[in-house]
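Novice: Chains as they are written, first to last, in the working numbering: chain A, 131 to 446; chain B, 131 to 446; chain C, 77 to 575; chain D, 47 to 350.
Mixed in with the good hints there might be a few duds.
For lysine to any residue, the following SDA-like pairs were computed, each having C-alpha atoms within a straight-line distance of at most 25 Å [to be verified]:
| id | chain 1 | residue 1 | chain 2 | residue 2 |
| --- | --- | --- | --- | --- |
| 1 | D | K222 | B | Y419 |
| 2 | D | K144 | D | E199 |
| 3 | B | K243 | A | R390 |
| 4 | D | K222 | A | R390 |
| 5 | D | K91 | B | I282 |
| 6 | D | K268 | A | N281 |
| 7 | D | K289 | A | D275 |
| 8 | D | K243 | A | F280 |
| 9 | D | K130 | B | F280 |
| 10 | A | K243 | C | Q420 |
These are computed hints drawn from the structure, not numbers from a lab.
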Amino acid sequence: MDRLKRAVLGEQGLVILFLLALGIVCLTVPSFMTQRNILGLLQSVVTIGIVACTMMLCLASRDFDLSVGSTVAFAGMVAVMVSNSTENLFLGILAALAAGVVVGAINGVVIAKLRINALITTLATMQIVRGSALIASDGRAVGVDDEAYFNIALTAPLGIPVPVLVMVLCFGLFGFVLNRTVFGRNTLAIGGNPDASRLAGVNVGTIRIWIFTLQGLLCAVAGILLSSRITSGQPNAAQGLELSVISACVLGGVSLAGGRAAISGVLVGVLIMGIAENVMNLMNIQAFYQYVVRGVILLLAVLLDNLRTRATGRRL
Amino acid sequence: MDRLKRAVLGEQGLVILFLLALGIVCLTVPSFMTQRNILGLLQSVVTIGIVACTMMLCLASRDFDLSVGSTVAFAGMVAVMVSNSTENLFLGILAALAAGVVVGAINGVVIAKLRINALITTLATMQIVRGSALIASDGRAVGVDDEAYFNIALTAPLGIPVPVLVMVLCFGLFGFVLNRTVFGRNTLAIGGNPDASRLAGVNVGTIRIWIFTLQGLLCAVAGILLSSRITSGQPNAAQGLELSVISACVLGGVSLAGGRAAISGVLVGVLIMGIAENVMNLMNIQAFYQYVVRGVILLLAVLLDNLRTRATGRRL
Amino acid sequence: MAPFLEFTNITKSFPGVRALKELSFSVPSGRVIGLLGENGAGKSTLIKILGGDYTPDTGELRIGGKAHRFSSTRDSIAAGVTVVHQELQLVPELTVAENLMLGRFPSRFGVVRYGELFAKVGAVLREAGIEVDPRAKVADLSLGTRQMVEIAKAAIFDASVIALDEPTSSLSAHESEVLFRLVNRLRAAGKVILYVSHRLDEIFRLCDGCVVLRDGRLVAQHDTLEGLTRETLVREMVGREIQDIWGWRPRTPGAVRLSVSGLEGSRLTAPTGFEVRAGEILGLFGLVGAGRSELARLLYGADPRAAGEVRIDGVPVRIHHPRQAVRAGLVLCPEDRKADGILQGQSVEANIAISSRRHFSPFGILNTRREGEMADRFIQRLGVRTPSREQAIENLSGGNQQKVILSRWLSEQGIKVFIVDEPTRGIDVGAKSEIYEVLYGLAEQGIALIVISSELPEVMGISDRIAVMCGGRIAAEFQRPGFSEEKILAAALPDRTAA
Amino acid sequence: ADVKIGFVVKQPEEPWFQDEWKFADVAAKEKGFTLVKIGAEDGEKALSAIDNLGAQGAQGVIICTPDVKLGPGLVARATSNQLKLMTVDDRLVNSKGKPLENVPHMGISATKIGEAVGQAIVEQIKARGWNMKDVGAIRVSYDQLPTAKDRVEGAIAVLKQNGFVASNIFDAPQSKTDTEAALNAASVVLNKNAGLKKWVAFGLNDEAVLGAVRASEAAGLKAADMVAVGIGGSDSAINEFKKPSPTGFYGSIIISPKRHGYETALNMYNWVTTNKEPEKLILTSGKLATRESYQAVRKELGLQ
Ligand SMILES: Nc1ncnc2c1ncn2[C@@H]1O[C@H](COP(=O)(O)OP(=O)(O)OP(=O)(O)O)[C@@H](O)[C@H]1O
Ligand SMILES: Nc1ncnc2c1ncn2[C@@H]1O[C@H](COP(=O)(O)OP(=O)(O)OP(=O)(O)O)[C@@H](O)[C@H]1O
Ligand SMILES: O[C@@H]1[C@@H](O)[C@@H](O)CO[C@H]1O
Ligand SMILES: [Mg+2]
Ligand SMILES: [Mg+2]
């Protein structure tokens, strides 16, 4: 009993609560716990999940990125268009990754060096990048010529589709980066107190640029996988992604005020969002009611978490 | 010369820069400076402008409100549905204002008393309120029966349409509230240093609740005017409004980190967004290029402002 | 005399820490009571309970015979309590006057009466002898000036109980006089005053009696300070004897390590030059706003430099960013620990290791074991009071936070020039002598030290040489043993006739 | 004076509207008038667009409104700006839901397009010799958009008339109108009803229906076991047809952006210059295009 209490109230409390909730869902919602549904569920959170890994870093350093949705769409377009025109899948992927990196690096440089507010900067790039994707494709979906391209998403080594594998890899990698590397620690330090970090010799500017660059890179990865899944590059894809990703992170305990983040929390945040969607559809809840239910779930999730942390007597 | 420099670099520098830019637009874009166009332009920023007044307070106190778009739509629906069913315009308006206040107050109480993160709370209410509007109307626009209802927006005492007048009034009122009232100063204090405010005996909780309640109220005002202008209550109205309003505020120098706000800045922020849109349409810029131009304008506006503040040597 | 303020059996715990244990004492009106104790003894916790910021787990608080249980600062204010906190509590974007009257603006129908506000605050500041414009924005004031503003909070409202938590920690004796006059006036008006300070001479000068805490318990209560010695108080606080807290010992300085010429910055308008030798401790003294911190920040690359050359061991170094300074072997431990020192939300360990971990993180991958060991070593060496190295730094007492920030720089390797700005701010006497010991140790390794301090006895006690700053330039220099309190103070005071 | 005509559409990013604009531009070039293209995603933007056109001195406006209930407001706004008003695609209605018959309109009713989709599906079910009872239907829905709802309801009505089992129709609500959202929602339906082996799918447009097709592939369904019919004949659909082997995307109901763009613009031009009011109501029809027939159909509609 006491051990249970300690577990629920401890650092990993959110995870435990989530597992409890998951248990209830498994028992009450028929056909939730089938292999097919779980794989479908995981695939549905691939884009959010991958982008959340770097958004976590971004928020942890007290920054903000609204341009992720556009970058995902843009990178997907680039991947398809370049592999079509060069008839080389590999070149397409490379070009998309490069595109993502460039967008991210521009964000980073503008924010860190020209010291423009991150909200405005990324709102601006969000528009510019979306516009570029639309211009490049004349607003139309671009079909993939090479069949190998769709196979990226369809291949499933060990029964797990590649996109899901990539997402899991990203979670592992960025969990390691956050907790085990100088880079990750400096990111948290910057979020805790940017002035003090600078005075402690941390190269705040460079780190911020890197964070945004990585963010761009992962957006590109997500964009490539998405375009492979939908077998075309769509300039309108991933609209509103930014809000979903940021919410997943915040739900997972990442502080918007910087300095606090945990990959386990982000994972849970992403899954909560995915499961909510999945279960509502499984239970055949009507579209309009889904809005309401989604809102209520969000509130409940943070409320429970807050009660938990308050019970430990921490000051909020 | 020296006076000019001081003016541009001073507190009101953004306003001066803006006026310069406006001058250029007037001279180069034909049919911009016609009475009709200016009135049209002003009407197009009514919703953003009104909601920005209270969003300014919200951001100044280090909070955040994503539910404004939904609340505007919801209040508009309520106004139309209630005045249709009671055949009483006045009751409809009253009901809408009440609905806005209730949504705002709920946001405030949940955030201030249950201490749930403002991003998540208002993201949740954004969904719940949008869902309710959709459910109430079955997803369809509700037409207005009473002609007097559209006349709200069509009446133009002294040639200035009522919505514009209301917006101007709100700017005046909230400028006064921010700079001259105990409430406004406490709001800035809370954002500037929440601990210090609490320790000084400022009732932080109550003030936050009030801010969100006022936000709800102004959303309702904006919603009523909008539904009158578009002669129907639309459950899908004002999507994405939150981002435009927050950007207008930030563009106008309101700090997302709280503690800094000025109504003149917000006014300029709102106008920049409105004018950009207006001029692009006057100049017949293609839809996809509009994205890019909009992004570039955003960047330029803050960049100029930053160069200006940096020239004065203030620490950023 | 009847007690006016009474604490009975107050206990307060935090996770892993019992901050106060069954603490009881009482104070009659019209008295100033010193609250003494080591860092982490529980002084600020007690004051926060009085201020309604914390609720005690058990125990009772009475004011004027009436029992109170504050659930917010507002309750405490309503009961006639004013608290000046250890950490500055100011809103940077508001004016001085607004900050002082925050929560109680004069108003009519909710509209602030600015005329009245500025007039009232202006009068209070003038009466207290604090030279600052009530219309000035706090963001534009130096740390020292901000502290003066904070102190004015004690006088602005008609409270019956006033608590001052280390109000002079970065003030020099000259500015502290302002506070002393204020406290004397409040005592004469019959207020109860609780006064926390690690500067014992202030306690003797100002207090009628004192209370000593150790580990959250009351270890002594003196109703009068007559006949009490420094040594007794130190023993009661620290639990051991400390003979000579400065413990200065002669060294032979080596070659010039740091030489600065023509240094200019935004507020350091006259070009400044000086030298520091290897193994030498240069004390930098001055009044509030003299420009010491600015000088240090310019050297360190924390603020943009307008002109000037810096050489280390004769070689010119380019420093535009603190990172370059650290790599060149020049470090600065900043004065404003809350704004420039602590990494909020991060553990004690992370706060210590932030800079030095690069020496043992191959390919940027942490060596958590080594980091932990290093953190534990410094926690041990400086006596940081914390339940573990995992504790978030903001949960430490002020003095313990200061020790953590110092540890950050002490753990650096390859230092040639070490600048510390108010290194013992808020640190108890026992720990102070530890820290001086550490500084001497650095000097003996051939490091050049610059110690900025507002405490003249400290500067005189530990420096080999003293440079006095006034109005943004170095006004005079003194070589040990030629230190004279009068001469140093005279050099620090702005020459009004010349101006 | 120079003729200036506005063409306002509700979703400027959608290929359909890009095409309408493109064909309207052709008319503009032919007749030598200025075409001002404005995107207006909501009611407020639509009103400002009309004001903006008025300010520019345009004489007429063609609009595909973001919401049909905007009717009276748009009419009032156009009148006060002295603009001639025509609607395209979606027809304006008054507060009671009655069409505003005074405003000239060219379009196709949403329900009708939906019915065409349903018809195409029913024919394929029969052609493939499936037993109606064993077939599941994915209704990729976006109910907050009235047109979207009317379209899927149209399809469902036809399916039911032809004996489709109502309980085999499953809702897959999109959270956004893109393919990814449709894919996620359709996956749930397929995985939940793994017992059904034959599927049909319909929705708002090609992009939505394609989501269901991708979901069926991810769930391991063969192309032969899926009949999905989209709406629009956009590039997304054409890309499907161009794929080397057939997919579950059987066909798309193509409506002609050429007529909607070119003819409306031309009619408006004539109205402005010669005061010849266009016909009050022109209904165009949708045409099914499949892998085999799409090139011919596009040619027929003047799209190639
Ligand atoms: N919010 C908190 N959470 C956890 N521990 C706390 C908190 N506040 C204080 N403590 C602990 O309580 C003890 C007493 O701290 P307090 O701040 O009262 O010390 P202090 O006597 O004022 O010391 P100093 O002279 O350094 O200011 C310390 O061990 C401190 O770490
Ligand atoms: N942020 C600031 N903005 C404007 N002026 C400042 C600021 N900080 C300091 N000053 C001014 O610059 C001068 C030098 O300040 P500095 O902090 O270097 O002095 P100091 O000798 O370290 O004294 P202190 O004890 O106040 O820290 C002072 O006149 C001060 O008022
Ligand atoms: O929104 C639809 C669009 O997708 C296109 O199919 C034409 O009709 C409009 O109503
Ligand atoms: Mg203390
Ligand atoms: Mg200083």
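Novice: Each hint should be assessed against the structure and marked as holding or not.
Specialist: Going through the hints against the structure:
no.	hint	result
1	D:K222 <-> B:Y419	holds, 23 Å
2	D:K144 <-> D:E199	holds, 19 Å
3	B:K243 <-> A:R390	holds, 22 Å
4	D:K222 <-> A:R390	violated, 31 Å
5	D:K91 <-> B:I282	holds, 19 Å
6	D:K268 <-> A:N281	holds, 15 Å
7	D:K289 <-> A:D275	holds, 7 Å
8	D:K243 <-> A:F280	holds, 23 Å
9	D:K130 <-> B:F280	holds, 21 Å
10	A:K243 <-> C:Q420	holds, 24 Å
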